[in-house]
Amino acid sequence: MTDTVSDRFEKLKEKAASERAGLKGGAEVLITVGTATCGRSAGALETLAAIKAAVKENSINARVMEVGCHGHCYAEPLVSISKPGWPEIYYGNITEGLAPFLIKNFLVNEDPALEWALGAVKENEIVPSVYYSPRFGGELRRLLARCGRIDPENIFHYIAEDGYSGLVKALKSSQMAAIDEIKKSGLRGLGGAGFPTWRKWAAVRAAAAEKKFVICNADEGDPGAFMDRTLIESDPFALIEGMTIAGYAVGAAKGFIYVRNEYPLAVERISAAVTSAKREGLLGTNILGSGLDFDIEVVQGAGAFVCGEETALINSLEGRRGTPRLRPAFPAERGYKGCPTLVNNVKTLSYVYWIMARGAEEFASVGTKDSKGTAVFALAGKTRNPGLVEVPMGTTLREIIFEIGGGIPPVIKPSQLPGEKPVMKARAFKAVQIGGPSGGCLPESLLDTPVDFDSLREAGAIMGSGGMVVMDEDNCMVAAAEYFLDFTMKESCGKCVFCRVGVKHMLDILSRITRGEGSEEDLATLEELADKVKRGSLCNLGKTAPNPVLTTLRYFRNEYEAHIEEKVCPACECEALIAYYIDLEKCRRACDACVGSCPTEAIYTRSDRLKAIAQEKCVKCHSCLEACPASYDAVFLVSPANAIPEQKPDKKSDGARAGGGPEKRKE
Amino acid sequence: MTEDVTIYIDGREIKAKAGQSLLRAALDNGVYIPNLCDLRERETPEASCRLCFVELEGVPEPVTSCSTGVEEGMVARTDSWRVRELVAAGFELLMTTHPVDCAACPGNKRCALQEIAKKMKFKLKSGRLPEILRDAPLDLSHPRIGYDSDRCVMCGRCVYVCNEEAGARAIDFIHRGLKMTVGVFGGGPLAESSCISCMRCVEVCPVKAFYEKTKETDV
Ligand SMILES: Cc1cc2nc3c(=O)[nH]c(=O)nc-3n(C[C@H](O)[C@H](O)[C@H](O)COP(=O)(O)O)c2cc1C
Ligand code: SF4
Ligand code: SF4
Ligand code: FES
Numbered sequence: 001m002t003d004t005v006s007d008r009f010e011k012l013k014e015k016a017a018s019e020r021a022g023l024k025g026g027a028e029v030l031i032t033v034g035t036a037t038c039g040r041s042a043g044a045l046e047t048l049a050a051i052k053a054a055v056k057e058n059s060i061n062a063r064v065m066e067v068g069c070h071g072h073c074y075a076e077p078l079v080s081i082s083k084p085g086w087p088e089i090y091y092g093n094i095t096e097g098l099a100p101f102l103i104k105n106f107l108v109n110e111d112p113a114l115e116w117a118l119g120a121v122k123e124n125e126i127v128p129s130v131y132y133s134p135r136f137g138g139e140l141r142r143l144l145a146r147c148g149r150i151d152p153e154n155i156f157h158y159i160a161e162d163g164y165s166g167l168v169k170a171l172k173s174s175q176m177a178a179i180d181e182i183k184k185s186g187l188r189g190l191g192g193a194g195f196p197t198w199r200k201w202a203a204v205r206a207a208a209a210e211k212k213f214v215i216c217n218a219d220e221g222d223p224g225a226f227m228d229r230t231l232i233e234s235d236p237f238a239l240i241e242g243m244t245i246a247g248y249a250v251g252a253a254k255g256f257i258y259v260r261n262e263y264p265l266a267v268e269r270i271s272a273a274v275t276s277a278k279r280e281g282l283l284g285t286n287i288l289g290s291g292l293d294f295d296i297e298v299v300q301g302a303g304a305f306v307c308g309e310e311t312a313l314i315n316s317l318e319g320r321r322g323t324p325r326l327r328p329a330f331p332a333e334r335g336y337k338g339c340p341t342l343v344n345n346v347k348t349l350s351y352v353y354w355i356m357a358r359g360a361e362e363f364a365s366v367g368t369k370d371s372k373g374t375a376v377f378a379l380a381g382k383t384r385n386p387g388l389v390e391v392p393m394g395t396t397l398r399e400i401i402f403e404i405g406g407g408i409p410p411v412i413k414p415s416q417l418p419g420e421k422p423v424m425k426a427r428a429f430k431a432v433q434i435g436g437p438s439g440g441c442l443p444e445s446l447l448d449t450p451v452d453f454d455s456l457r458e459a460g461a462i463m464g465s466g467g468m469v470v471m472d473e474d475n476c477m478v479a480a481a482e483y484f485l486d487f488t489m490k491e492s493c494g495k496c497v498f499c500r501v502g503v504k505h506m507l508d509i510l511s512r513i514t515r516g517e518g519s520e521e522d523l524a525t526l527e528e529l530a531d532k533v534k535r536g537s538l539c540n541l542g543k544t545a546p547n548p549v550l551t552t553l554r555y556f557r558n559e560y561e562a563h564i565e566e567k568v569c570p571a572c573e574c575e576a577l578i579a580y581y582i583d584l585e586k587c588r589r590a591c592d593a594c595v596g597s598c599p600t601e602a603i604y605t606r607s608d609r610l611k612a613i614a615q616e617k618c619v620k621c622h623s624c625l626e627a628c629p630a631s632y633d634a635v636f637l638v639s640p641a642n643a644i645p646e647q648k649p650d651k652k653s654d655g656a657r658a659g660g661g662p663e664k665r666k667e
Numbered sequence: 668m669t670e671d672v673t674i675y676i677d678g679r680e681i682k683a684k685a686g687q688s689l690l691r692a693a694l695d696n697g698v699y700i701p702n703l704c705d706l707r708e709r710e711t712p713e714a715s716c717r718l719c720f721v722e723l724e725g726v727p728e729p730v731t732s733c734s735t736g737v738e739e740g741m742v743a744r745t746d747s748w749r750v751r752e753l754v755a756a757g758f759e760l761l762m763t764t765h766p767v768d769c770a771a772c773p774g775n776k777r778c779a780l781q782e783i784a785k786k787m788k789f790k791l792k793s794g795r796l797p798e799i800l801r802d803a804p805l806d807l808s809h810p811r812i813g814y815d816s817d818r819c820v821m822c823g824r825c826v827y828v829c830n831e832e833a834g835a836r837a838i839d840f841i842h843r844g845l846k847m848t849v850g851v852f853g854g855g856p857l858a859e860s861s862c863i864s865c866m867r868c869v870e871v872c873p874v875k876a877f878y879e880k881t882k883e884t885d886v
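These protein sequence lines are chains P and U, in that order.
Going by the numbering used here, the first sequence runs without a break in its numbering and finishes at 667.
Going by the numbering used here, the second sequence runs without a break in its numbering and finishes at 886.
Careful, some of the hints might be misleading.
Below are the DSS-like pairs computed for lysine-lysine, each with C-alpha atoms no more than 25 Å apart in a straight line [claimed, not checked]:
(1) P:K617 to P:K543
(2) U:K682 to P:K543
(3) U:K846 to P:K490
(4) U:K875 to P:K534
Now the stretches of chain P that chain U is said to cover, found in silico as 3 or more residues with beta-carbon under 8 Å [claimed, not checked]:
(5) 503 to 517
(6) 533 to 544
The set of hints was computed from the structure by calculation and includes no laboratory data.
Using N, Cα and C, we set each Cβ at its ideal position, and we do this for glycine too.
Could you put together the complete structure from these sequences and hints?
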């Protein structure tokens, strides 16, 4: 039997090798464009069309290939060009307008246009490699290794890049051996909770039942997380292979991939991939002649965050209301249609292929004592290099945010007047929110925390789905907690009272505080409710909903107190607590920029021809602050809103006063 | 023949039936534990009202007794401050969403909320949290059953009997989060549903959000 498996696999590999050798399809030049969802939202499809047109117009012998997403959001649309005599080069931010110039400069005029290049894909002697930049060099890409490097719809590209060697190894060994390999690796669930993967597998395998199921959780409902989508859109076969190995190991013949319904491209790609895997005998009946039967059905989610919770997901798959069930019983005992069911995340299952192919030891060669391998984060917020970042477990927050992420970007006021220079203002790091609405906000003093399941939990955050939002001094921590609680409140399924009602009361208190109407008692009630909702809720949505509140209270209590006692928002973010003023020392008589920008005519000209804002008319729209030319920079924000008495006409010093006392001033 | 196991609740020795839930064992032996969603006819507990918490020896956090099976030698407390605090908070939260106008309510004196408040010495109205009432229209379309969804406490008992027991499939939970309520699928009135007038919902509703119309209430 194993001979058949090897023989059949060898044939597929031969085909894959010849397909890869012919990647350029006889053409001289290969151009790739990342056209997954993130690339598309940056205009990748327009770039693709512009490149194809330019190639045709200049009669260049090139093949233009669509690939998945690299996870380098700041550089989308991302294009690579490999041309004889040159190393393959990545180009970032190649818009529709820029594309024809890139093609012409490099492919017609032999000028590699290095001003638009991110660097060469590999080390070489001509063009500096991208790995000199920490954004690339600081990462260790395993799960994301193929993302953006292969045609995600072509199974032979996957096979040529090591694909299906994991399944072949698994088929040649026993089911227990496969589970043992996962056990040795130390892999823990990457869907959030970090539950040891092998234990679930062993439980499902040990359960006595005729029918068993494997479910891939691709619901990915956390705001800001998109790594599961990227993996499915850019490397779908790794997931299919991982699921097939799981099916073999636990003894299931059927798998479901439950994809979030807002992911149409992911559904399309994974469905196409399932079809190709079946066509090549890698899925369906008698896989590779081994006698293994395993089939996969792609199901679109019900569109609720709570449907990502495994028991709610199973209810939803069965056609019921997507609300959580009481655990235990865990799905491994009684899951889909009452049968033992393995539920794993996309990343977990994609990693299974890697571990089977490369071995548990190599997997565990990076990581910490109890968290092995790598973690993928979606870096967003106040960071220079947003996107997907894959790093060994145990990398510190500081390394991710300041080295790979490039630190906190300055606020830039663009030039408006002729000859004027833009003005940059540095911003300081304040907090990092990890784990989405179930996670927590960690302060600067915890930047040396290693990212692994246990260290993050100890600090009050969680690994969660891997959302990582960087916040700077302009972000109010009370408003941040309010934002996340508003999300959970809307996503609560309503089944149990602590989550349905408790979260709503907590949110109302937070809103009162950000409006400047909070009291000391409110703070005490908030703290008490947070504790009760955490203990009393039925499922982990409710149990973790208070985390953003608990961590901001723990690390940024002074901000809550400032809002309550002094009506000050230290970040000058909460609208009710701030006011816009014009600094009379900086305002220029000849300029009228702010007046025209104000939608409510709140800005008037004083008798000395300087400008002032009639506070009662101001709607805090921020337009004047943006309109005031960079070289004057006269508009500023204060908190509390009444920090400065109404500017009396003709007393020049009024508007300039601020600072001292509890007020905050921000320019 | 089910065997008996010996358990201890609040220091009292109790003989319970193996396989029974701790909640039912306590209630059957005269130990009161507040509850709304447990239904004897139902095998798997809903565990959604979150009022039946007890503390178990050796378990760090309070657990819901309706979803805990009795075990030989189990030691439980219903009266520890941790349990009381948690139950009190759950009840307080629930009561912010329930109109407290008992005199006008068809469930007055037959209401599980009044019973819980009395036995646990809880106040019916929160002193510190504002009310979040829904203000949905009263459904008087059905000839025998009245339904006031504002009073519903989401225990799910009616949904269970209507769907699983009577098989009528007239009512279900609709909407999510704070807007969640029991209603006719699609949102129409009860009279236009597949109701078979078995009156089971009226029987099981702990707060008489579903009630049998009488001369007085039939307005
Ligand atoms: C409210 C809520 C939402 C969740 N959403 C997801 C999700 O979108 N994707 C996911 O993989 N796991 C999600 N989970 C975790 C799952 O319940 C489950 O633990 C996970 O799919 C197990 O996979 P793993 O062992 O591979 O991590 C969610 C849990 C909760 C409580
Ligand atoms: S905690 Fe929230 S989401 Fe979970 S069952 Fe209760 S109401 Fe539903
Ligand atoms: S109507 Fe009554 S029985 Fe039905 S869910 Fe509401 S409170 Fe429970
Ligand atoms: S009776 Fe136990 S949760 Fe309702």
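Can you confirm whether the C-alpha distance between P:K617 and P:K543 stays at or below 25 Å? Violated - the C-alpha atoms of P:K543 and P:K617 are around 44 Å apart, more than 25 Å.
Please check whether the region 503 to 517 of chain P has three or more residues whose CB lies within less than 8 Å of a CB on chain U. The restraint on the region 503 to 517 of chain P holds, since 3 of its residues have a Cβ under 8 Å from chain U and three suffice.
Within the assertion that chain U covers the region 533 to 544 of chain P, do at least three residues meet a Cβ-to-Cβ distance smaller than 8 Å? holds (count 4)
Is the Cα-Cα distance between U:K875 and P:K534 25 Å or less? Roughly 30 Å between the alpha carbons, so the hint for U:K875 and P:K534 is violated.
Hint check: U:K682 vs P:K543, CA-CA at most 25 Å. Holds or violated? violated, 34 Å
Quickly compare the C-alpha distance for U:K846 and P:K490 to 25 Å and report which way the hint goes. Holds, at about 10 Å.
Hint violations for this structure: numbers 1, 2 and 4, all remaining hints satisfied.
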